[in-house]
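Engineer: If you read the protein sequences in the order shown, they are chains A and B.
Counting in my numbering, the first sequence runs from 1 upward without gaps.
Counting in my numbering, the second sequence runs from 1 upward without gaps.
Hints are computed from structural coordinates only; laboratory data are not their basis.
Note that beta-carbon positions come from the ideal geometry of N, C-alpha and C, so glycine has one too.
It cannot be assumed that every hint is accurate.
Below 30 Å or equal to it, Euclidean Cα-Cα: the simulated DSSO-like pairs (lysine-lysine) are [unchecked claim]: (1) A:LYS147 to B:LYS8; (2) A:LYS53 to B:LYS199; (3) A:LYS70 to B:LYS8; (4) B:LYS13 to B:LYS253; (5) B:LYS244 to B:LYS13; (6) B:LYS87 to A:LYS70; (7) A:LYS119 to A:LYS93; (8) B:LYS252 to B:LYS87; (9) A:LYS147 to B:LYS13.
Derived DEER-like restraints, expressed as beta-carbon distance ranges [to be verified]: (10) A:LYS122 to B:LYS199: 38 to 48 Å; (11) B:LEU12 to A:ASN45: 22 to 32 Å; (12) A:ASN154 to B:LEU12: 18 to 28 Å; (13) B:SER236 to A:ASN154: 46 to 56 Å; (14) A:PHE140 to B:TYR260: 51 to 61 Å; (15) A:VAL51 to B:ILE238: 54 to 64 Å.
Taking beta-carbon pairs under 7 Å as the criterion, some of the chain A residues facing chain B (in silico) [as the list claims (entries may be wrong)]: (16) SER18; (17) ASN19; (18) SER20; (19) GLY21; (20) GLU78; (21) TYR139.
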Amino acid sequence: MFYIRTIFNMHVAIIYASNSGSTFQVAEIIAATLRANQHSVNIVNADNFDVRKTSHYDLIVLGSPSWRVKRDEGSPHEAILTLMDRFFVRNLKNQKFAVFGCGDTSYTQFCGAVDTLEKYLKTVGARIVAPSLRIDGFYFNLNTSQKLSEVWVNNLLRNL
Amino acid sequence: MGIWSAFKRAALKEGWDDTNTALVAGIGCHGHIVNFVNLTSFEGLHGRAIPVATGLKIANNSLNVFVFTGDGDCLAEGGNHFTHAAKRNQNLTVILHDNAVYGLTTGQTSPRSPKGFKSKSTPLGNIEEPLHPLRLAIAAGATFLARVYSGDIIRMMEIIIAANNHDGFAVIQVLQPCVTFNQIYTHRFFQENIYEVGKKYDKTNKIQAFEKLMEWGIRQIPVGILFAINQPSYESQIPQIHDKPLVNFPVKKRDISVLYKNYI
Numbered sequence: 001m002f003y004i005r006t007i008f009n010m011h012v013a014i015i016y017a018s019n020s021g022s023t024f025q026v027a028e029i030i031a032a033t034l035r036a037n038q039h040s041v042n043i044v045n046a047d048n049f050d051v052r053k054t055s056h057y058d059l060i061v062l063g064s065p066s067w068r069v070k071r072d073e074g075s076p077h078e079a080i081l082t083l084m085d086r087f088f089v090r091n092l093k094n095q096k097f098a099v100f101g102c103g104d105t106s107y108t109q110f111c112g113a114v115d116t117l118e119k120y121l122k123t124v125g126a127r128i129v130a131p132s133l134r135i136d137g138f139y140f141n142l143n144t145s146q147k148l149s150e151v152w153v154n155n156l157l158r159n160l
Numbered sequence: 001m002g003i004w005s006a007f008k009r010a011a012l013k014e015g016w017d018d019t020n021t022a023l024v025a026g027i028g029c030h031g032h033i034v035n036f037v038n039l040t041s042f043e044g045l046h047g048r049a050i051p052v053a054t055g056l057k058i059a060n061n062s063l064n065v066f067v068f069t070g071d072g073d074c075l076a077e078g079g080n081h082f083t084h085a086a087k088r089n090q091n092l093t094v095i096l097h098d099n100a101v102y103g104l105t106t107g108q109t110s111p112r113s114p115k116g117f118k119s120k121s122t123p124l125g126n127i128e129e130p131l132h133p134l135r136l137a138i139a140a141g142a143t144f145l146a147r148v149y150s151g152d153i154i155r156m157m158e159i160i161i162a163a164n165n166h167d168g169f170a171v172i173q174v175l176q177p178c179v180t181f182n183q184i185y186t187h188r189f190f191q192e193n194i195y196e197v198g199k200k201y202d203k204t205n206k207i208q209a210f211e212k213l214m215e216w217g218i219r220q221i222p223v224g225i226l227f228a229i230n231q232p233s234y235e236s237q238i239p240q241i242h243d244k245p246l247v248n249f250p251v252k253k254r255d256i257s258v259l260y261k262n263y264i
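Excised from the complex, chain B in its bound form (with noise of 0.2 Å):
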């Protein structure tokens, strides 16, 4: 809910309507944006909302795609797509989800539960570390990294907005209790060991973005832009649509019986 309002409120701000806006999401608790929103969507397959929004922006590079998917739908099912989509520094906007556990599957243990978190996969601990996706995107070649609460709203409003105007591959990490799932990260847990980077902190530096995304703890999870770099993306590489988006070339019909009988 805290992050419908968000969106919604940056969507009012910066006139983002069905004529210059398309949203992708996933499957899972994340996916039922759809239905909340007054803006031509797509629910696609579990882990496939980047691919979609990939071939969303290349056919119209015009429009603002912004990418709805979930820890699991993303870091698992979805990992190539993420990784892949960072690498190519495409021009998208993805809003994270994480609540570091399956919600819509009602509880089990996703890529970004803690080590020991109890589920009903993991009934005696989960014995893994978890996956930390910005730590991935940068990695990968992502050129704009922001974690947000979900609770603070008019932050994730302004960083929303950032990332759609930022030219490249964005991530924002929602952190999002999930209540009914999760008791280890919750509402009061996020409130009390987030902190904002301050005005100091230089999020083109690279390293020192490395740096600043292997903290994870006790009053030690860093929240705000983290990294910005500016970097062609990749739609703003094809030159075919560099004037003018696909989408508005003319279909030329052309008669390819001729070639056809070749064939057969």
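Bound conformation, chain A alone (with noise of 0.2 Å):
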């Protein structure tokens, strides 16, 4: 007898920053993606994120572009720095995440942001459900960048 297991009716929080807005729009397209999918989706700003509801949600992704901050090109926005620090450590021991990001492949550090919240996560014990999403040039290649985004959230309900 096979088992097929759905995942349905999570609650997933998409926490982004974001500068010109491709990430904020990336962000919109992701919870759309997952509403259709039977999924409720609260899409708040890092700034105002309340960390002490973290555990609330079956999934957090997070979503940040990748600037200069200070002296480190590929940085995640400020923000999303901000929230890192901020974040209860230990609530985040196997909470489940994903990550994505807004970049351009003509800088040395495309989509820093990425790795540096991968590194983060790892090292706090937050599980990564799925492999990021790498966004190049949003707002040059928006259809694909849509569509690049919906897979994106398929594959990760199918990791789940």
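Using the hints, put the two chains back together into the complex; each one sits in its own frame.
Structural biologist: Here is the structure:
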């Protein structure tokens, strides 16, 4: 007898930070795809996320652009850096996460923020449930970026 | 990119297309918008978007006419046009890309650059206080004033729609960081220092609006619709185009040869 395990009705938080708006728009696409798969989703700006509610979510999707912050090129957005400090690290152990980011391959540290978030989450013992999504040149490849985001969500759901 | 995204969303939501909408841009980074929209667009001379938009609107007052301009384009070279269009309360929507620098020409101090700003034209620091476009516009007679941060695409879309629906001169000051040439007004600066005016704010109160527009600083940059009143627009007071746009009038052909011969 085969059992097909279906994940449904997850409570998902998409925590994002954005400058030009591309990361926000990808967050919207991810949310729409998750909702189409019957999951409830909150999109929250990293500045406004209440870290006490981390464990309320079955899955947290973290999104950040990669910018030069102080002297570090390819750094996560300042709001994400602050969030990383605000998280109660003990609450992150085994918490399910997925990561996405927008960037530009003409820069050396393409989606460096995604690499930083992956390292951080591994360090604190969180569970990254899927390979991260890295979008190149969102505004110049709108249709492709949308498709990539939707495919990524569907693959993520299959991985769970 | 944020402004383009917001404008595109607004256009799709409201059904703005090539039959009912035109766009005029000046010269600057903002001027590239004409290459990214599928609308009748005109990229004119530096500072001269408003006169072209004025002509468009009077010729066909059924059109939604948008002016895309920048702080240098609008407030320096185009300053007079901006002031007088506000005075006339022309039914235009001005989307002012305010990055407080001349960006296209690689980083010179503009009328919006803060005091002390170091750039290629003010290497020792700008000694002037900046101009504030919304203060100028309200004093001149504009009837719709809004300010929004370019990273807030949804709010920008809402404000663009509201500004277009307003019958009169509407100015939207978009706080748009220039990541290459302005390290003071960065994305993070605006994210940390803007606040949306609350529901209790009376946007029809001109005195309150003047006071609100005097705010600019740390944790003190109000955004949202800051002033909106109903006053007859310039075009609505032209009786000849009250019932139909000028472009819909037939052109009468007249023989002026007799008149012509009187003068030669």
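Engineer: Now look at each hint and say whether the structure bears it out.
Structural biologist: Each hint tested on the structure:
1. A:LYS147 to B:LYS8: 19 Å, holds
2. A:LYS53 to B:LYS199: 28 Å, holds
3. A:LYS70 to B:LYS8: 33 Å, violated
4. B:LYS13 to B:LYS253: 42 Å, violated
5. B:LYS244 to B:LYS13: This hinted pair holds, its Cα atoms lying about 26 Å apart.
6. B:LYS87 to A:LYS70: 44 Å, violated
7. A:LYS119 to A:LYS93: Given pair LYS119 (chain A), LYS93 (chain A) holds - Cα atoms ~14 Å apart, limit 30 Å.
8. B:LYS252 to B:LYS87: 33 Å, violated
9. A:LYS147 to B:LYS13: 22 Å, holds
10. A:LYS122 to B:LYS199: 38 to 48 Å: 44 Å, holds
11. B:LEU12 to A:ASN45: 22 to 32 Å: 24 Å, holds
12. A:ASN154 to B:LEU12: 18 to 28 Å: 25 Å, holds
13. B:SER236 to A:ASN154: 46 to 56 Å: With a Cβ separation near 52 Å, SER236 (chain B) and ASN154 (chain A) satisfy 46 to 56 Å, so the hint holds.
14. A:PHE140 to B:TYR260: 51 to 61 Å: Because 57 Å falls inside the window, the suggested range holds.
15. A:VAL51 to B:ILE238: 54 to 64 Å: 59 Å, holds
16. SER18: 6 Å, holds
17. ASN19: For ASN19 (chain A), the interface hint holds, since the closest Cβ of chain B sits about 4 Å away, which is under 7 Å.
18. SER20: Nearest chain B Cβ about 5 Å off; hint holds.
19. GLY21: 4 Å, holds
20. GLU78: With a closest approach of 5 Å, the GLU78 (chain A) hint holds.
21. TYR139: 5 Å, holds
Comparing the model with each numbered hint stated earlier shows that hints 3, 4, 6 and 8 do not hold.
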